[in-house]
Structure formats: C-alpha cells, structure tokens
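Residue numbers (my numbering), protein chains in the order written: chain A, 514 to 590; chain B, 448 to 867.
Derived by calculation from the structure, the hints in this document are not laboratory data.
Here the structure is a predicted model, which is why all the values come from computation and not from measurement.
Each hint should be verified, as a subset may be incorrect.
To be verified - A few chain B residues facing chain A, derived, Cβ under 10 Å:
#, residue
1, R450
2, V583
3, P589
4, A654
Where a beta carbon is used, it is the ideal one built from N, C-alpha and C, also for glycine.
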Amino acid sequence: MSDVADRVKKIVVEHLGVEEDKVTESASFIDDLGADSLDTVELVMAFEEEFGIEIPDDAAETIQTFGDAVKFITEAS
Amino acid sequence: MRRVVVTGLGMVSPLACGVEETWKRILDGQSGAGPITKFDASRVTTKYACEVPLGDGSDGTFNPDDWMLPKERRKVDDFILYGIAASDMALKDAGWLPEEEEDKLRTGVMIGSGIGGLSSIADTAVLLHERGPRRVSPFFIPGSLINLISGQVSIKYGFKGPNHAVVTACSTGAHAIGDASRLIQLGDADVMVAGGAEAAICEIGIAGFNACKALSTKREDDPQAASRPYDEDRDGFVMGEGAGIVVLEEYEHAKARGAKIYAEVLGYGLSGDAYHITAPSEDGDGGFRAMEAALARAGLEPADVDYINAHGTSTMADAVELKAVERLLGDAAEKVTMSSTKSSIGHLLGAAGAVEAIFCVLAMRDQIAPPTINLDNPAVKPRLSLAANKAEEREINVVLSNSFGFGGTNASLVMGKVTD
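Taking the hints into account, I'd like the entire structure generated from these sequences.
Below you can see the structure in the form of structure tokens.
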C-alpha cells in the first residue's frame, strides 16, 4: 500500500473509531464505516491538514469511499 | 395538580464522580479546590479552582472513557460530557431505561448550562484567527450549544418528550428542576431528566470572572481555604465545574412501577431583581420573593422549613441572602439550619442549583445538614445555624434550596418527604 493510503487510513481509523481491516478500497465512509455527513466534512478537513492541500467543496462531495480519497489526494499532491 | 417526585440522582462534582462519594466527602468537610491544571494559569489572577478529579474511575475519580467513546468525546465540550455522565447515573439510579415507545414519548429532558461551551468557543476563535474559517470543525457548533446535553441525552435513550434547556446563569440548575416539574404537573410529560452542567474553568472563563471582581484571588497558598461563605476573610467565589441531574417523575407513575422515591418537589418560586447585571439588590428582595413564592406554592409556612441550602457563594452577597432568609423565617429562624455547600465544591454556576438540590434530597434522606466549611470567623451574627465546619444531625422534613444568578434571576425550590 502506498504512503498516501497508509496516512489516509490512519486518519479514517482515528476519526471514525473503526477497525483498520474494515477500511478497504471500496469502503464507503457513510454506508460502511458509520460516518454521518458532519463526520465526512471533518474527514476532508483532516485530509487537507495532513497533506497540505485544499479540497474544494464540490470535489469533497465526490469522495465517498476510502479509494476515492486516496485517488484524489494522490492526484492532488 | 399532578404531584412530582424525585426518583433518580446523578452527579459529577469537584469532590468525586458520583452522588454517594461526593456526599460522603461533603459530610466529611472536604474541599475540592486546588491549583488549576486544565490550562496554564500563569497569566490570570486566580490560579485555583474546584476541578473535577480526573483518573481511571477508581476512588471517586472521573474517567471520561467510562461515559463516552473517545471518537464521540472529541466532538463535544466538557460540559456536555459531564451532563451525559450525570444523566446516565441518574437514569440508572431511577431504573428508568424504557424500551416501550409510549414511555419514550412521555419522557423529556431539560438540562441547562450557565455558559455552555466557553472553552471550545475560545479555542475555535483562536483557530479561526490563526488558520482561517476552513479549519473550523463541523462539530464546533453542536459541541458548544447549551441545549445539546438535552439533545444528546434524548438521542442516547430515545426520549421523545419535551426537549428543552435553561440558561439563567447561576440559577440554571434550579430553574431546570422547577420548570421540568411544572411540565410534569401540567401533563406535558410523565418523566423528566433535569439539571445543569458547567465546564467554564478555562483561561477566558477565569479572566472574565476576574474582570467582574467575582472570584477569590488571595488564597493561592491555600486554595482549600478560599471558598469560605459568611466568613470575615472571604474574597470571592471559587469556580467549580461538573453536573447535577435528577430524574423527576409523576407520583402515581413512580408508585405504579415501584420506583424508589427520594423526595417530592413541593414548591418552586421565581423572581427578578430588576436591579443590576451582577449584584443582587442590597435588601435581598428578589431572593426573598422567590422563597416566598416557593413556600406559597408548596402550601407551607416558613416555620415548616428545616434545612436551607444557601446560594452562599463566598462573596459579599452572602450577607444579603442571609438577611432575606431571616426576614422570611422570622422567629422560626432559631430552629433552621442553613449551609453553603459551595464551601466544599466551589460554585458550579449553571450546575450549582441542581447539585445543591441533590444535597438537599440527601440531607432529608440521611437526616443530616452538610457543613459550611472554612467558617472560622463569621462576618454575620445569624439567628439560624450555619452548620459551621461540622455536619449537623437533625430532623429534616422540608428543605429549601436557593439559586441566584447574574441578571438578577432568582429561583427557590422547596422539597419534602413524600407523604400520602
């Protein structure tokens, strides 16, 4: 797994309080990992902080799964 | 009118996590004061307070993990954490964790706070200033709003009755219990979870109350002697934190399910001073009228009162309240005991009235009046007993609890033993 994926996974585990092995490529933050809409806003903020990038609101809405997040961040950073 | 009884108690206090452990330490004359550890107090004038003792949950310490998962706790200010913890204790004590939809519809929540998420607001303001608006957490607002203890408790237990919150500074806890009782009396609910919580020991909180000249400042060498109501050497209140929650229940409802009944809420009186934003009127007339109204509502005479838990903050206002109480009691003062438990736990602001109502209930249960500690050199010559430095074993059938807040807002509660 890439460095980006490791760092994203760590954030997801910490913020959502889920087991690491539940955070799979296709895991949806809301449907599979128990997040609500406020949790996803906070997750995106944490990604921005960790990777020093800005994720515009319309882009943030497309980040639904762990895989989406890793892909977006890899391309943006 | 429907009758209202107290069937559950919960508390997080500067002396301990838990009602019985706090009560034991109160009767033992202990103080919950010490140097401030929650923030670096080097810049503020007052460097001591009554903080909730953190620990692993043993020996009366408060372990946040016992009450909320870390990932949920991150999203709320400490006043909400304390409120949720004390609510959980009170509901378990009452044995009221209903599963039927009808029971949930008839159970409401009314938990307030004097200031709410002050520490979170201050921290977020700094973050906004330094890093800009995009760094403000989506949990900042719902983690700071005063009514979010009521909201959280309602969500946690599925209570779908009245969902309300009181904000009347240092009268909050008493007003919440009084107003929630009224909702039960009027039929809006059969059970109410009521009380107050506060966690304002932060730099901006201490700085703000220091600026009002309300806090004790002179006892850095001996914080446990700082809260000394009625004493000649008192110099302001000591800030406390925590939560007090009661489960209130319609009498027949409590009887029908065989609930343990601690006391009956007999009377509740409210008044305004219309005088000053922080000081009580010099003749104590606002407090007098609140007490008078509470007794009238209870259908009792001043001579019926056995124990009074005073507002008694360890400020100049102590003497004003005493004057009002003695005016109310007249010659009956000779047989009354009044004490200020703020001498032991400091001033819990929005939680004070609720925590003190619980002490009143326990005083009646155990037939003992808690002491006013640090009362070494009385500045007043009362006709009643102030239970100076020692708990007083005595007959207690009717209790009165006073709470007065900034803005000139006053509340008095009268409770008694349940008689058929």
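Checked hints:
Nearest Cβ of chain A to the Cβ of B/R450: about 41 Å, over the 10 Å cut. The hint is violated. A hinted interface residue such as B/V583 counts as satisfied when its beta carbon comes closer than 10 Å to some beta carbon of chain A; here the least separation is about 9 Å, so the hint holds. The beta carbon of B/P589 comes within 8 Å of a beta carbon in chain A, closer than 10 Å, and the hint placing it at the interface holds. The restraint placing B/A654 at the interface with chain A is violated, with a minimum CB-CB distance near 29 Å, outside the 10 Å limit.
Checked against the numbered hints given earlier, this structure breaks hints 1, 4; the rest are met.
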